[in-house]
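Trainee: Just so you know, the sequences run in chain order A and B. FYI, in the numbering used here the residues of the first sequence are 117 to 482. FYI, in the numbering used here the residues of the second sequence are 3 to 276.
Treat the hints with care, as some may be off.
[To be verified] Below, simulated EDC-like cross-link-like pairs (lysine to aspartate or glutamate); rule was C-alpha separation at most 16 Å, straight line:
#	chain 1	residue 1	chain 2	residue 2
1	B	K207	B	D47
2	B	K268	B	E249
3	A	K390	A	D375
4	A	K381	B	D99
5	B	K176	B	D99
6	A	K384	B	D99
[What the hints assert, rightly or not] Just a few of them, taken from the derived set where beta-carbon distance is under 7 Å, the chain A residues facing chain B:
#	residue
7	L190
8	Q191
9	R193
10	E195
11	F317
12	L327
13	V379
14	K384
15	P397
Hint data in this document are derived by calculation from the structure and do not stem from the laboratory. Remember, predicted model here, so these are calculated numbers, not experimental data. Where is the CB? At the ideal position from N, CA and C, for every residue including glycine.
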Amino acid sequence: MEQEMVLKNEKSLSSSLKQILSKLTPSIKKDGIIKSLKNTGITLLSILLFIGLWQMGSKALYNKEADYRVEKALQERGEEAAAAERACIESGDSSCQPNTLPSPSQVWASLKSLVADHQVIRADKAAFAEKMAVTNEKMISQGKDPIVYTGRASFVDIVLTSIKTVFAGFLLAMFIAVPIGIIIGLSPSLRSAFNWFIQIFKPVSPVVWYLLVFMIVKTLYIGDSSDNAFVISFISVGLCAMWATLVNTAMGVASVDKDYINVAKILKLGTFQKVFKVILPSSLPLIFTGLRITLSVAWMVLIAIELLAQSQGLGLFVWEEFQNGANDSNSKIIVAMFVIGIIGFLLDRLMLAVQNMVSFNKNEMA
Amino acid sequence: MNTTQQANEVYSENGIIYPSKVMLDLSKLKKVYPTSKGDYVVLEDLNLQILKEEFVTIIGHSGCGKTTMLSMIAGLNPISGGNISVLGNPVKGPGPDRGVIFQSPSLMPWMTALQNVLLGVNQVFPHATKSQRQDIAKYYLQKVGLENAFHKKASELSQGMQQRVGIARAFAIKPKVLLLDEPFGMLDSLTRGELQDILIEIWNKEKITAVMITHDVDEAIFLADRVIMMTSGPSAKIGDILSIDFERPRTRKSVLENDDYYTYRKHLIDFLEH
Numbered sequence: 117m118e119q120e121m122v123l124k125n126e127k128s129l130s131s132s133l134k135q136i137l138s139k140l141t142p143s144i145k146k147d148g149i150i151k152s153l154k155n156t157g158i159t160l161l162s163i164l165l166f167i168g169l170w171q172m173g174s175k176a177l178y179n180k181e182a183d184y185r186v187e188k189a190l191q192e193r194g195e196e197a198a199a200a201e202r203a204c205i206e207s208g209d210s211s212c213q214p215n216t217l218p219s220p221s222q223v224w225a226s227l228k229s230l231v232a233d234h235q236v237i238r239a240d241k242a243a244f245a246e247k248m249a250v251t252n253e254k255m256i257s258q259g260k261d262p263i264v265y266t267g268r269a270s271f272v273d274i275v276l277t278s279i280k281t282v283f284a285g286f287l288l289a290m291f292i293a294v295p296i297g298i299i300i301g302l303s304p305s306l307r308s309a310f311n312w313f314i315q316i317f318k319p320v321s322p323v324v325w326y327l328l329v330f331m332i333v334k335t336l337y338i339g340d341s342s343d344n345a346f347v348i349s350f351i352s353v354g355l356c357a358m359w360a361t362l363v364n365t366a367m368g369v370a371s372v373d374k375d376y377i378n379v380a381k382i383l384k385l386g387t388f389q390k391v392f393k394v395i396l397p398s399s400l401p402l403i404f405t406g407l408r409i410t411l412s413v414a415w416m417v418l419i420a421i422e423l424l425a426q427s428q429g430l431g432l433f434v435w436e437e438f439q440n441g442a443n444d445s446n447s448k449i450i451v452a453m454f455v456i457g458i459i460g461f462l463l464d465r466l467m468l469a470v471q472n473m474v475s476f477n478k479n480e481m482a
Numbered sequence: 003m004n005t006t007q008q009a010n011e012v013y014s015e016n017g018i019i020y021p022s023k024v025m026l027d028l029s030k031l032k033k034v035y036p037t038s039k040g041d042y043v044v045l046e047d048l049n050l051q052i053l054k055e056e057f058v059t060i061i062g063h064s065g066c067g068k069t070t071m072l073s074m075i076a077g078l079n080p081i082s083g084g085n086i087s088v089l090g091n092p093v094k095g096p097g098p099d100r101g102v103i104f105q106s107p108s109l110m111p112w113m114t115a116l117q118n119v120l121l122g123v124n125q126v127f128p129h130a131t132k133s134q135r136q137d138i139a140k141y142y143l144q145k146v147g148l149e150n151a152f153h154k155k156a157s158e159l160s161q162g163m164q165q166r167v168g169i170a171r172a173f174a175i176k177p178k179v180l181l182l183d184e185p186f187g188m189l190d191s192l193t194r195g196e197l198q199d200i201l202i203e204i205w206n207k208e209k210i211t212a213v214m215i216t217h218d219v220d221e222a223i224f225l226a227d228r229v230i231m232m233t234s235g236p237s238a239k240i241g242d243i244l245s246i247d248f249e250r251p252r253t254r255k256s257v258l259e260n261d262d263y264y265t266y267r268k269h270l271i272d273f274l275e276h
C-alpha cells in the first residue's frame with residue numbers, strides 16, 4: 117500500500133516535471149499553431165460535410181417532388197402529358213420546376229441576385245434623388261415636405277431596418293430593465309413585490325407582446341403607418357427581451373459579496389457612494405450577462421414581430437417570399453436564414469467582447 | 003490586577019483628557035444566536051479591557067467565538083447583552099474609528115490599489131485636498147512595499163500583495179482601534195512572515211491599539227503585548243491572559259533568542275491542548 121503511494125508520488129512528480137519542461141521549451145508555440153490549424157481544418161471539413169449533406173438532401177427532395185409531378189400528370193392527363201412534364205422538368209424551364217428545399221448552389225445564386233438587385237435599387241435611388249433635387253429644394257423652401265423615394269426596399273435596406281429595430285428594442289430594454297433591476301435588487305421588499313410580476317410576464321410569447329403593444333401604440337401614436345410599424349416592433353422586441361437583464365441585474369445587485377458591503381459599512385459610505393462605487397461595479401458582470409442574453413433574445417423574437425407588425429425587415433421579407441412562392445423564393449428564404457444566423461452570431465460576439473471588458477475577474481468568465 | 007489599576011487613571015493626550023487609559027472596554031459581553039433548538043450562547047460574561055497603544059492577540063480553538071467578538075467590536079454584528087465602548091463611547095454600529103483587516107483581503111477588484119486605499123481616505127478626510135489625500139494613500143502603500151503597484155488593479159495582485167493593500171487601507175484611515183481577523187491565515191508561511199514584519203513596523207510608528215485574532219502561537223507571541231486565551235464554546239469567555247514582556251521594537255531574531263519565548267510558548271500550547 118505504502119509502496120504504491122510512493123510509486124504514485126514518483127509518477128506524479130515526473131509527470132509534473134515533464135509538464136514544467138514542456139512549458140519551458142519553445143515547442144509550445146509550435147504546438148499552438150498546429151492546434152489552431154487542426155481546429156480550422158476540422159471546422160472547414162465540417163462545413164464541407166454540411167454542404168454535402170444539404171446538397172444530397174435537396175437533390176433527394178427534388179427527385180421526390182419531380183417524380184410526384186410526373187406521376188400526377190400520368191394519372192390525370194395520360195402518358196403523353198407525363199412525358200412532356202418530365203421533359204419540361206429536365207429542361208430546367210422555370211414554369212415547371214419542383215418547388216422544394218433549394219440546393220446550396222441555388223441559394224448562392226439567390227444571394228448574388230439579391231446583391232445585384234440592391235445595386236440596381238441604389239442606382240435608382242441616386243438617380244431619383246438627382247432628378248428631384250431641384251424640385252425638393254423648392255418644396256422645402258416653400259415649407260412643404262420633400263418627395264422621398266418610395267420604391268421597393270433592397271435586401272440590404274431590409275437587413276439594416278432589422279438591425280435598427282433590434283438596437284432600438286435593446287436600448288429600450290436596457291433603459292427599463294437596468295434601473296428597475298438595481299432598485300429591486302437593493303430592496304428585498306420591492307423584490308418580493310415585483311416577483312409575481314416578473315414570474316408571470318417573463319414567459320409570455322412575443323406574439324402576445326406584439327398584440328399588447330399594438331393595442332396601446334395604435335391609440336397613442338396615430339401617425340405614418342411605416343413609422344408606426346417600426347415603433348410597435350421595437351417596443352415589442354424590447355419588452356419581450358428585457359426580462360433576462362431585469363432578473364440578472366436584480367440578482368447581481370442583491371448578491372454583492374458580503375465583504376464589500378462590510379467594507380462599505382466600516383467606511384460609512386453614503387448611499388450614493390455605496391451604490392455607485394461598490395454595488396454597481398461589483399454587479400456589472402452579471403448585468404452584462406443579462407444584456408447579452410437580452411440582445412440574443414431580441415434578435416430571435418424580432419423576426420416574428422416584424423412579420424406581424426409589417427415592418428420592412430427580415431421577418432416580413434421571409435414571410436413575403438414564402439407567400440410569393442416564386443421559383444427563387446425558397447432559396448431567398450434560406451439566404452435570409454443565413455443572414456439572420458450570422459448577424460445574431462456577430463451581435464453575440466460583440467456583447468461578449470463588451471462583457472469581457474467590464475468583467476474584473478477574468479478567470480470566472482466562460 | 004495591574005490592568006485595572008491603570009484603567010482607573012486619568013489619561014490625557016494632546017490636551018484631550020480621557021477618563022482612563024482604556025481604549026476598548028468590553029463588559030459582560032454576551033452573544034446569543036437563536037436556533038430552532040433554542041438559543042445558542044456563543045459568548046457569555048466576557049470582560050476585557052484593552053489599553054491605548056496596546057497590541058493584543060486572541061487565540062482559541064476554531065468556533066469559540068473569536069470572530070464573533072471581533073465583528074461585534076467592529077459593529078458588524080449586533081450585541082446580545084453587555085457593553086462595548088471605545089474611549090467610553092458605546093459602539094452603536096460600524097464606523098471608520100475601528101479599522102478592520104479581514105481574513106480575505108476584501109479589496110474592490112475593479113479598483114486599483116491606490117483607489118482602494120483612497121476609498122477610505124476620501125471618506126475620513128473629506129476636508130483635505132485631493133493631493134493631500136493622494137499623499138496619505140501613497141504614503142501607506144509605500145509603507146507596505148507597494149510603491150510600484152499604485153495603479154495595478156486589485157484583481158491583478160497576488161493574495162499577499164492584496165493583503166498588503168488591506169493593511170495600508172486600514173492604517174490610512176487612522177482608526178482608534180485596529181481589528182485584525184486572522185489577516186495572514188490564508189497566506190503561505192514565507193509571505194506570512196513578511197507581512198508580520200510589515201505590520202509590526204507600521205504599528206511601531208503609529209501605535210494604534212490593535213486586536214488581532216490568530217491561530218498561530220508564534221505570531222501571537224511575536225506581535226502582542228498581551229495574549230488573550232479564550233475558552234472553547236459554547237458560552238466562551240476569557241480563559242487566561244499572558245503578558246509578553248519583550249522590549250519593543252522587536253525583531254524576530256531577538257524574540258527567538260529570548261529564553262522567555264519558550265516559556266510563553268509552552269504556556270499557550272498547554273492552554274490550547276488542555
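Trainee: Next item in the hint list is A/V379. Is there a CB on chain B closer than 7 Å to its CB?
Mentor: Holds. Min distance 6 Å.
Trainee: Return the status of the interface hint for A/L327: holds when the least beta-carbon distance to chain B is below 7 Å, violated otherwise.
Mentor: This interface hint is violated because 43 Å lies over the 7 Å limit.
Trainee: For the pair we were handed, A/K381 and B/D99, check the Cα-Cα distance against 16 Å.
Mentor: holds (12 Å)
Trainee: Is the hinted pair B/K207 and B/D47 satisfied, with a Cα-Cα distance of at most 16 Å?
Mentor: Distance ~34 Å between B/K207 and B/D47 Cα, so the pair is violated.
Trainee: Mind checking the CB of A/K384 against every CB in chain B and telling me if the closest is under 7 Å?
Mentor: holds (6 Å)
Trainee: Regarding the pair B/K176 and B/D99, is the alpha-carbon distance no greater than 16 Å?
Mentor: The given pair, whose Cα atoms are some 7 Å apart, holds under the 16 Å limit.
Trainee: Holds or violated: the hint that A/P397 contacts chain B, with Cβ atoms closer than 7 Å.
Mentor: Cβ of A/P397 sits 5 Å from chain B, so the hint holds.
Trainee: So, as I understand it, the hint says A/F317 touches chain B; can you test that by seeing if any CB pair is closer than 7 Å?
Mentor: This interface hint is violated because 33 Å lies over the 7 Å limit.
Trainee: Is A/K390 close enough to A/D375, meaning Cα to Cα at most 16 Å?
Mentor: Judged against 16 Å, a Cα distance of about 13 Å means the pair holds.
Trainee: Hint A/E195 vs chain B: min CB-CB distance below 7 Å?
Mentor: With a minimum Cβ separation of about 80 Å from chain B (threshold 7 Å), the hint on A/E195 is violated.
Trainee: Is the interface hint for A/L190 satisfied, with its Cβ closer than 7 Å to some Cβ of chain B?
Mentor: Violated, because the Cβ-Cβ distance from A/L190 to chain B comes to roughly 75 Å (cut-off 7 Å).
Trainee: Holds or violated: B/K268 and B/E249, Cα atoms, limit 16 Å.
Mentor: violated (20 Å)
In terms of the numbered hints stated before, the structure departs from hints 1, 2, 7, 8, 9, 10, 11 and 12, listed from lowest to highest.
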